[in-house]
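Visitor: Sequence:
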Amino acid sequence: MAALTAGQSKWLSASQIASLTVLQARSLTHIQTGVFTASQIAALTATQVESFSASGLRGLSAQQIASLSAEQVESLRPTQLASLTTVQIKGFTAQHISLFSALQMTAFSPSQIAAFTPSQIKSFTPAQLDVLSRTQMQALTQLQVSSFTLDQITAIAPTQFANLAAAGVKGLTGEQLNALSFDQFAGLTGGQIAAMTTTQIKLLSETQISAMAVSRVRNLTGAQLSAMTPVQIGALTPLQIESLQPELLAALYPDQVVAFTESQLSLMSVAQREALQSALA
Numbered sequence: 173m174a175a176l177t178a179g180q181s182k183w184l185s186a187s188q189i190a191s192l193t194v195l196q197a198r199s200l201t202h203i204q205t206g207v208f209t210a211s212q213i214a215a216l217t218a219t220q221v222e223s224f225s226a227s228g229l230r231g232l233s234a235q236q237i238a239s240l241s242a243e244q245v246e247s248l249r250p251t252q253l254a255s256l257t258t259v260q261i262k263g264f265t266a267q268h269i270s271l272f273s274a275l276q277m278t279a280f281s282p283s284q285i286a287a288f289t290p291s292q293i294k295s296f297t298p299a300q301l302d303v304l305s306r307t308q309m310q311a312l313t314q315l316q317v318s319s320f321t322l323d324q325i326t327a328i329a330p331t332q333f334a335n336l337a338a339a340g341v342k343g344l345t346g347e348q349l350n351a352l353s354f355d356q357f358a359g360l361t362g363g364q365i366a367a368m369t370t371t372q373i374k375l376l377s378e379t380q381i382s383a384m385a386v387s388r389v390r391n392l393t394g395a396q397l398s399a400m401t402p403v404q405i406g407a408l409t410p411l412q413i414e415s416l417q418p419e420l421l422a423a424l425y426p427d428q429v430v431a432f433t434e435s436q437l438s439l440m441s442v443a444q445r446e447a448l449q450s451a452l453a
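Residue numbers 173 to 453, in this note's numbering, belong to the letters of the sequence shown in order.
Misleading hints may appear alongside valid ones.
[As the list claims (entries may be wrong)] Using 30 Å as the maximum straight-line C-alpha spacing, the simulated BS3-like pairs for lysine-lysine come out as follows: (1) 374 / 342; (2) 374 / 294; (3) 374 / 262; (4) 342 / 294; (5) 262 / 294.
[What the hints assert, rightly or not] Computed beta-carbon distance windows for the label pairs: (6) 238 / 347: 26 to 32 Å; (7) 441 / 322: 51 to 57 Å; (8) 411 / 243: 30 to 36 Å; (9) 358 / 298: 16 to 22 Å; (10) 283 / 362: 24 to 30 Å.
Quick caveat, the hints were computed from the structure, so don't treat them as lab data. Note that this is a predicted model, so its numbers are computed, not measured. All C-beta atoms, glycine included, are put in the ideal place defined by N, C-alpha and C.
Produce the complete structure using the sequences and hints provided.
Guide: Here is the structure:
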């Protein structure tokens, strides 16, 4: 089979394709599989596809991959999936992606994960998201994260959510942020909180503000704290109040300063109260 030219390969009939032995299917190269028509691809059995070598599989275009049947996709071995290029990855349809097993999902490299389109990302099931490794989660881009449905967002375990890279966190929309559970938000790392834009900070609920760990509040930037609404300021807990750096308080706007309650002000140090006075000046 390996001796067949591209010109000869595209003339193989469906019955000839279907009759290939496992060894013959394994011997196919990218030169031969690259010219297969949709009808020839359809004639391949799941066993034949499973036996494809890395060379044979890499010969398939994104369009050819899109024509694979459900059984053919389910037959792909993890090592085969790992050999696909980022261009080929884009050929998988929504139906294909929903069929990926846990073993198949974990086979994808970070660069392959980052190659999935937003429409493909929407097809990831909760079970598939749950098995992604830390490096795979970190590979998710801002655009990919922003494409997650609310059902996908709420299904991500807090420990998994904490694996998102800064770029991924920046992709969270207002609706997605509001959909986060207490545990998901409380589990965000310092780096993830620091990566949030001022627009995202403004969209956080009072409950989420109160759930923010003291160490996270302490590391808020001046721009982030200044972006908080008066209502958010009023939601800060006693421990959070005590952690606020005076230099950050001095950068607040007057309407934020007057939002602090008497009980909140009573918890502040002299340096913090002086900082608030300077913010009003």
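Visitor: I'd like to know which numbered hints this structure contradicts. Please list them from smallest to largest.
Guide: The structure breaks hints 3, 7, 8; every other hint is satisfied.
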